[in-house]
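Protein chains: 2
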Amino acid sequence: MQTLTVDLGERSYPIHIGAGLLRQAELILPHLAQPRAAIVTNTTVGPLYLGRLRGVLDAAGVETLPIVLPDGEVYKNWETLNLIFDALLENRAERKTTLIALGGGVIGDLTGFAAACYQRGVPFIQVPTTLLAQVDSSVGGKTGINHPLGKNMIGAFYQPKLVLADTDTLKTLPDRELAAGLAEVIKYGLIRDLPFFTWLETNMERLLARDTQALTHAIYHSCRNKAEVVAADERESGQRALLNLGHTFGHAIEAGMGYGNWLHGEAVAAGTLLAADLSRRMGLIGEADVERMNALFRRARLPVQAPALGVDAYLSYMGVDKKVEGGRMRFVLLRRLGEAFVTAEVPPELLHATLAEATA
Amino acid sequence: MQTLTVDLGERSYPIHIGAGLLRQAELILPHLAQPRAAIVTNTTVGPLYLGRLRGVLDAAGVETLPIVLPDGEVYKNWETLNLIFDALLENRAERKTTLIALGGGVIGDLTGFAAACYQRGVPFIQVPTTLLAQVDSSVGGKTGINHPLGKNMIGAFYQPKLVLADTDTLKTLPDRELAAGLAEVIKYGLIRDLPFFTWLETNMERLLARDTQALTHAIYHSCRNKAEVVAADERESGQRALLNLGHTFGHAIEAGMGYGNWLHGEAVAAGTLLAADLSRRMGLIGEADVERMNALFRRARLPVQAPALGVDAYLSYMGVDKKVEGGRMRFVLLRRLGEAFVTAEVPPELLHATLAEATA
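If you read the protein sequences in the order shown, they are chains A and B. Taking the numbering used here, I'd label the letters of the first sequence as residues 50 to 409. Taking the numbering used here, I'd label the letters of the second sequence as residues 50 to 409.
Any given hint could be a false lead.
[Unchecked claim] Reference excerpt, derived from the structure (chain A facing chain B, CB under 8 Å, subset only):
1) 110
2) 112
3) 127
4) 134
5) 165
6) 169
7) 170
8) 198
9) 199
10) 202
Quick caveat, the hints were computed from the structure, so don't treat them as lab data. If you're wondering where the values come from, they're calculated on a predicted model, not measured in any experiment. C-beta: ideal position from N, C-alpha, C; glycine also.
Given these sequences and hints, build the entire structure.
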């Protein structure tokens with residue numbers, strides 16, 4: 050097991066990474082405020098891991114309330130959130146009852162936001178079971194739901210008490226979802242960690258083969274990068290925005306294709322290559338850099354071609370993105386591999402060219 | 050104008066109290082992150098004060114988006130909250146767009162919660178237009194909505210950047226709502242400020258006559274008491290619970306009578322007298338203390354008789370209250386006039402007697 054800490058003063062919390070962690074109640078117990086927890090999961094993950102987690106907690110004297118939600122990004126909305134509130138209120142969950150998110154990013158976002166809002170805030174623990182959730186969404190305290198007019202538009206910054214990333218849960222992950230998680234893993238290398246990017250170029254096949262040691266290494270270094278960024282900028286006023294490399298384009302792809310059709314990581318992969326194309330057109334990186342990125346995403350079995358939504362559709366979807374400031378769009382671009390930056394100084398004609406050509 | 054500060058470190062904010070403040074844009078401008086604001090109000094307050102506030106801000110170069118909601122506690126729910134999100138998204142409100150709550154407690158709670166959640170948090174300003182909101186709900190950062198299974202069950206602790214309490218707005222307040230506000234004013238005296246309670250006994254008629262000087266004094270000392278409590282305990286882990294004197298019973302009254310039929314302050318008045326009755330039965334205060342409280346509430350034209358819901362209904366409604374801990378109910382009781390405390394050590398037979406006799 051490897052452990053690192055997200056350093057946020059009194060809101061600091063540990064991330065444990067390794068095999069078999071779901072069987073170790075002693076990792077969870079110190080973080081419960083009372084011997085009572087609601088475990089929120091979905092119809093896919095529940096049958097696989099809910100019994101294991103409940104069994105371990107029940108044996109340790111913790112009363113557990115299971116809340117099983119439908120599976121999918123399309124359910125990341127108010128109606129599903131309200132199913133959690135209904136169950137908590139019907140079972141008289143209290144201010145010290147901990148919510149445990151057992152699942153992927155959607156479950157983590159929903160559960161974290163429910164914890165932020167239920168009785169104005171109850172403790173919660175992240176037990177991410179997808180690679181995407183283990184390396185990204187479970188760390189950093191971003192929670193929320195989608196709105197018909199925009200993704201993740203309603204939510205809260207709300208930190209968990211603990212993140213438990215059990216690599217065993219990745220054994221049941223569909224190939225497509227493993228790849229989607231790798232998109233965010235690659236992102237950390239691109240924005241601030243060239244040695245990690247290089248390590249990924251060497252070890253991509255081990256990751257695809259789900260080698261436990263390689264996965265633990267990749268998750269640890271992804272979380273370490275994310276934890277450092279979050280510790281420096283919890284509420285995204287500055288460098289945290291770097292984590293959104295590929296996301297402005299990616300959100301447009303997800304929205305334009307209909308939420309749930311492209312996986313988030315797939316949209317981020319294609320979106321990151323749009324950001325790379327724009328960076329290249331602006332003279333920041335070279336053609337060879339773009340090719341190197343393209344090759345790694347392709348080896349990770351990720352889409353490298355953005356869908357042809359049309360320039361206007363892209364611009365429209367990007368316009369309601371959270372990174373808009375003073376009516377101007379801000380972009381995360383690459384200065385070189387391993388170094389991203391935020392800018393609002395993007396020549397409109399180059400953006401247009403990227404959207405017109407790279408998505409044709 | 051009188052000013053005091055809610056001292057919460059980097060989240061500190063001023064409260065301005067006085068006549069004519071709505072006409073002074075210079076009080077608001079320093080707190081806007083961009084010259085853009087959404088003003089949330091309702092169909093009752095909007096026609097009275099929205100034009101005044103917009104005119105002042107427009108003249109100062111601030112672009113304003115009005116969002117007018119239906120009026121009433123029954124609308125303090127997710128559907129109404131979503132009307133705010135819809136308007137913000139349709140108008141592309143950004144992370145630096147400030148939400149201004151112009152109205153009573155329901156508008157403040159809805160707008161504050163919307164600000165807490167929209168894009169995971171945007172700035173907001175409270176412009177309370179009822180006495181209740183000026184002395185209580187606009188200060189301290191409690192925001193939220195009701196759920197069919199419980200009042201204020203979904204929400205956030207989220208502090209405003211500024212509270213602007215213009216006593217002129219009280220001139221249009223219905224008598225019944227003025228009285229409801231006085232219930233919370235009296236509460237501050239009871240829980241921690243006997244001199245203020247005594248001042249109220251001397252000046253109740255001036256308050257009912259809406260004497261500006263008396264109102265400013267009462268609002269200032271109410272906010273001062275609340276600010277001191279909130280500064281010591283922002284998230285209600287300790288002494289902030291004292292502010293809930295009468296509220297456990299009061300919430301049961303509101304829920305039992307159907308939200309919106311009793312005003313919150315009315316329920317708090319009757320609930321406070323239940324807490325007083327229970328305190329008397331426990332030998333903490335005397336019959337004369339209860340009578341003195343009863344007399345002041347009656348002079349404030351507040352109900353002093355709780356409705357006859359039945360003991361079981363009271364207990365049931367109180368059971369889902371947020372102050373439940375470890376399955377036991379916690380009560381705010383009076384040790385003497387001017388000193389409240391929290392306890393879970395309430396003999397069930399005395400609670401039963403209070404509910405059976407005082408609500409008969």
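Comparing the hints with the structure gives:
1. Below 8 Å, beta-carbon pairs count as interface contacts, and residue 110 of chain A has none with chain B, the closest being about 14 Å; its hint is therefore violated.
2. Against a cut-off of 8 Å between C-beta atoms, the interface hint on residue 112 of chain A is violated, since the closest Cβ of chain B lies about 11 Å away.
3. A least Cβ separation of about 6 Å between residue 127 of chain A and chain B falls short of the 8 Å threshold, and the interface hint therefore holds.
4. Look at residue 134 of chain A: its Cβ gets to within about 6 Å of chain B, closer than 8 Å, so that hint holds up.
5. The beta carbon of residue 165 of chain A comes within 7 Å of a beta carbon in chain B, closer than 8 Å, and the hint placing it at the interface holds.
6. Satisfaction of the interface hint for residue 169 of chain A is found here, the shortest Cβ-Cβ separation to chain B being roughly 5 Å, below the 8 Å cut-off.
7. Because the smallest distance between the Cβ of residue 170 of chain A and any Cβ of chain B comes to about 7 Å, under 8 Å, the interface hint for this residue holds.
8. Interface restraint check: residue 198 of chain A against chain B, minimum CB-CB distance 4 Å, threshold 8 Å, status holds.
9. Annotation: residue 199 of chain A was flagged as interfacial toward chain B, and the flag holds, the nearest CB pair being 6 Å apart, inside 8 Å.
10. The interface hint given for residue 202 of chain A is met, as the beta carbon of that residue sits about 6 Å from the closest beta carbon of chain B, less than 8 Å.
When held up to the earlier numbered hints, the structure conflicts with 1, 2 and fits the remainder.
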